[in-house]
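Protein chains: 2
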Amino acid sequence: MTVTAQRPARKGRRQNSRSAKNRAQSGANLKIEQLAWSQPRNPYPPMQIVSEDELQAIHDASMDVLEQIGIDFINADAKAILKKAGANVDPSSDRVRIDRDLVTETIKTAPAQFTLHARNPAHNVEIGGNWIANCLVGSPVATHDQEGGRRDGNTKDFRSFLKLAQYFNILHIIGGYPVEPVDRHASIRHLECIRDFAELTDKVFHAYSLGDQRIRDGIEMTRIARGISHEQLEREPSLFSIINSSSPLRLDDVMLNGIINMSSRNQAIVMTPFTLAGAMAPVTIAGALVQQNAEALAGIMMTQLVRPGAPVIYGGFTSNVDMKSGAPAFGTPEYMKSAIIGGQLARKYNLPYRTSNVNAANTVDAQAAYESVFSLWATTMGHGNMIKHAAGWMEGGLQASLEKLVLDVDLLQMVAEFLSPVQTSPDDLAIDAIRDVGPAGHFFGTQHTQERYKTAFYPPILSDWRNHENWLEAGSPTTMNKAAQVWKQALSEYEKPFMDKAISDELNSFVEQRISEGGVPVDF
Amino acid sequence: MTVTAQRPARKGRRQNSRSAKNRAQSGANLKIEQLAWSQPRNPYPPMQIVSEDELQAIHDASMDVLEQIGIDFINADAKAILKKAGANVDPSSDRVRIDRDLVTETIKTAPAQFTLHARNPAHNVEIGGNWIANCLVGSPVATHDQEGGRRDGNTKDFRSFLKLAQYFNILHIIGGYPVEPVDRHASIRHLECIRDFAELTDKVFHAYSLGDQRIRDGIEMTRIARGISHEQLEREPSLFSIINSSSPLRLDDVMLNGIINMSSRNQAIVMTPFTLAGAMAPVTIAGALVQQNAEALAGIMMTQLVRPGAPVIYGGFTSNVDMKSGAPAFGTPEYMKSAIIGGQLARKYNLPYRTSNVNAANTVDAQAAYESVFSLWATTMGHGNMIKHAAGWMEGGLQASLEKLVLDVDLLQMVAEFLSPVQTSPDDLAIDAIRDVGPAGHFFGTQHTQERYKTAFYPPILSDWRNHENWLEAGSPTTMNKAAQVWKQALSEYEKPFMDKAISDELNSFVEQRISEGGVPVDF
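For the protein sequence lines, the chains are S and L, in the order given. Position 69 of the first sequence, counted from 1, bears residue number 69 in our numbering, the numbering being contiguous throughout. Position 359 of the second sequence, counted from 1, bears residue number 359 in our numbering, the numbering being contiguous throughout.
Any given hint could be a false lead.
Any copy, or any two copies together, can satisfy a pair, since identical chains are not distinguished.
Here are the simulated lysine-lysine pairs, DSS-like style, with alpha carbons at most 27 Å apart [to be verified]: (1) Lys108 x Lys488; (2) Lys31 x Lys83; (3) Lys31 x Lys324; (4) Lys488 x Lys324; (5) Lys501 x Lys31; (6) Lys156 x Lys348.
Quick caveat, the hints were computed from the structure, so don't treat them as lab data. Since this is a predicted model, take the numbers as computed values, not measurements.
Full structure from sequences and hints, please.
As structure tokens, this is what we get:
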């Protein structure tokens, strides 16, 4: 475990107790303790929920879907590319049927692992293998915090989330707008938001595929922020875009445009069908996964037709709906199974795997926590490589919560700690310490303990382990209460990452120029 | 998934909407939906945190501890048995050193799997293999519920917990006193409590090893409750007792007496060292596990010396303490690792494995949930066979919570659902349904969905998936609020299991006779 050099307990002990107590009460001056930047790796084999034969049956069925039923590709350029590649493109509709051999041969050029380059090289992330990269929540329409309540997405909250994502080392990627800042006009929102990504953080970020101009702007701003040439950008994937199919069995115009723009520049695509079993997909988990797989491979195939070798991530988002109300459900047993089998499918095709830390709770209560940890159980055991919505997601994606972000940071750090190997050197086996203490002794004061106690165990940010009397005396705080303190403190500790003035000037010039041109046309 | 025949949604739909709404609001009349009785089995391979070599290193070190340092066996009969078996018994102290070959040879007679017999044979439980048996919380000193607050353990609460354990099918075993009923005099408490176990439930239960008379009474009452002969009882293990070592490296008089009484009658022992890393055990996880293993194998060896083949379960309870305060911590990354490696050790010796669903939270908030689900993650992936404290445990074991019991029932059911295999028949793969719906369609109304929607997904007891407006309108309830409704409803639905009058009379006669004799002497 690597932790920051200054730990509250030690600092407190060096001060007189009253001072330490006051500081602890005010929450001031003691820096938040967190893990150092690093990408967790999962050293254990991935969990397999279905057998190889069953996995093959899902694959075969998804090939039947692509061959016999087909997918609607609602984009002329995409259809032309598919036709040229030998797919069966219906001249009178958008339907494209694809031979299974064409699918499996075409996707073989996609890399099993690649690096996403950040403007700060120390924050580059590996995607694939046994690497884990955690993304900030993306795309909710509302923000919530305990004090301020629920409100529409706005620029202030948007920036607060970015600062927190920059601050917390366990968050590796800005996975889209943490909340949609509706106070920015849609025609220029992408310009202002991506400038915020680039300036307020130095981590890898995402651009939405919402039309030709927006995604091109995103690519160019990424290049400027990194201060590199077009050629270097094409050698070094630095931006990613989520492509969702419009399930069932459709890829929309802007999505296919996103693939064409991003893949042709060798930037990364995350191909994620949105297949809720019982709604946009069959009510059976296996059936929903058949459809997920057909849609995912259709999009992945497209990336490789555009540019063989272009980085692409297999995305899974299959969950179920509440059959009583139709409401989406997340962090359920069905979600766990789907997320793990999704990983099996991705590995079958030698592709990195994207999955998510999700829940459908309305407040940061036990439900929010159990649905999230069930999700993380599945994403971790199923070897998710890119964990979308890793911190801050609530209400099935409608709400970005500042308190949930802190809770998730703690959960993600605990997962990272869980994945760090147990040491079994002679010193760790501690026979001498056991001998020294002997029956009926105690280990608190021993040298073996003293040498290790500072870093022996993960110190949670939120867990309240006071005895009941002290906890009552403190006002019976819940996890949410503590989290509300922590995000405010983290914001106060946030430091804007350095950006070279020449780059900053170029970025601002680009944005101002594009804004003066009117951004992009919007149809409302 | 097997569910009760009557599901609220269906019943509601058959009624007019106002009536359904009223019923839903009052919570009356709609039976709680829960899984049918069954023991979950884990079809997946157990997770391995340490390699075979590392596991062997832990084993070897624990053998060094037993050979070189030894264990204090504070019981003359036990020492005589050990001496006879060839152990090195220090004549001037309680220290016993045991040769590694003697340990490993002796424990070989313990069964890898066995049945614990309940008075209702339908509630027998398999212990070992890939079976999971969930126990009600055991041994807290206080009860808590949202309305009544925190209070000392008492008979009323004690009985409420028993009724809930009988009511909820996912709870398989009564794992001791769910809360210590201090309003019953210590001299006769065991008689009245075990009578309650036997009358209010028909599931397997536990008796404390708290001296010769108490454990003998427990065995006899178990025999009477089952209505069987002494011989049949010895053929059919029907009672179990937890044996904790007084870590480090001690087995107390009453514990060893428990082993001798229970094992000689072929009843089950759960041998669980209480090794908190940094307190009663080394601060390193590996060191704490070395000590756990030495203490566990010492007790397990004792059972087999008393009666080769007597059922015994390898217990692990290694966690860490908060090094700032000394408070025990549970559901931590360190707990997860220990719990999984504990399973590796148990399987190394072909023994069933006991582990626990634990947390150290003060209230049923996010912390209670995440510590519990992290625990269940480890107990499940590590193939725990007997899950102690599976429902209701709070505050590191000081508090039994009625709301937490309901939360845990939901969590345990979700784990059971997660472990149920995904079906991949042609119907499940759903190609025809995907064809029928086609691009841009919807699966809600299809025949494939209609045929399956009632049982396709696990219906959680607590999860609130309403949209935010409806949730606000309902008063912003948390998981704890909902749980507070559910346990009351479950108590109202509880039905006392049938007991033959002759058995009931015999049980009462025994208890009254023993009470009239004064129970057992107490030294306070």
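Evaluation of the provided hints:
1. With identical chains, the CA atoms of Lys108 and Lys488 are never at most 27 Å apart, being 47 Å at best within one copy and 58 Å at best between copies.
2. Proximity of Lys31 to Lys83 under the C-alpha cut-off of 27 Å is found in neither arrangement, the shortest distances being 59 Å within a copy and 58 Å between copies.
3. Proximity of Lys31 and Lys324 under a CA criterion of 27 Å is satisfied inter-copy only: 16 Å between copies versus 47 Å inside one chain copy.
4. In this assembly of identical chains, Lys488 and Lys324 lie within 27 Å of each other by CA distance solely across copies; the values are 24 Å between and 39 Å within a copy.
5. With identical chains, the CA atoms of Lys501 and Lys31 are never at most 27 Å apart, being 29 Å at best within one copy and 67 Å at best between copies.
6. Proximity of Lys156 and Lys348 under a CA criterion of 27 Å is satisfied in neither setting, with 43 Å inside one chain copy and 56 Å between copies.
This entry does not satisfy hints 1, 2, 5 and 6, going by the numbered hints stated previously.
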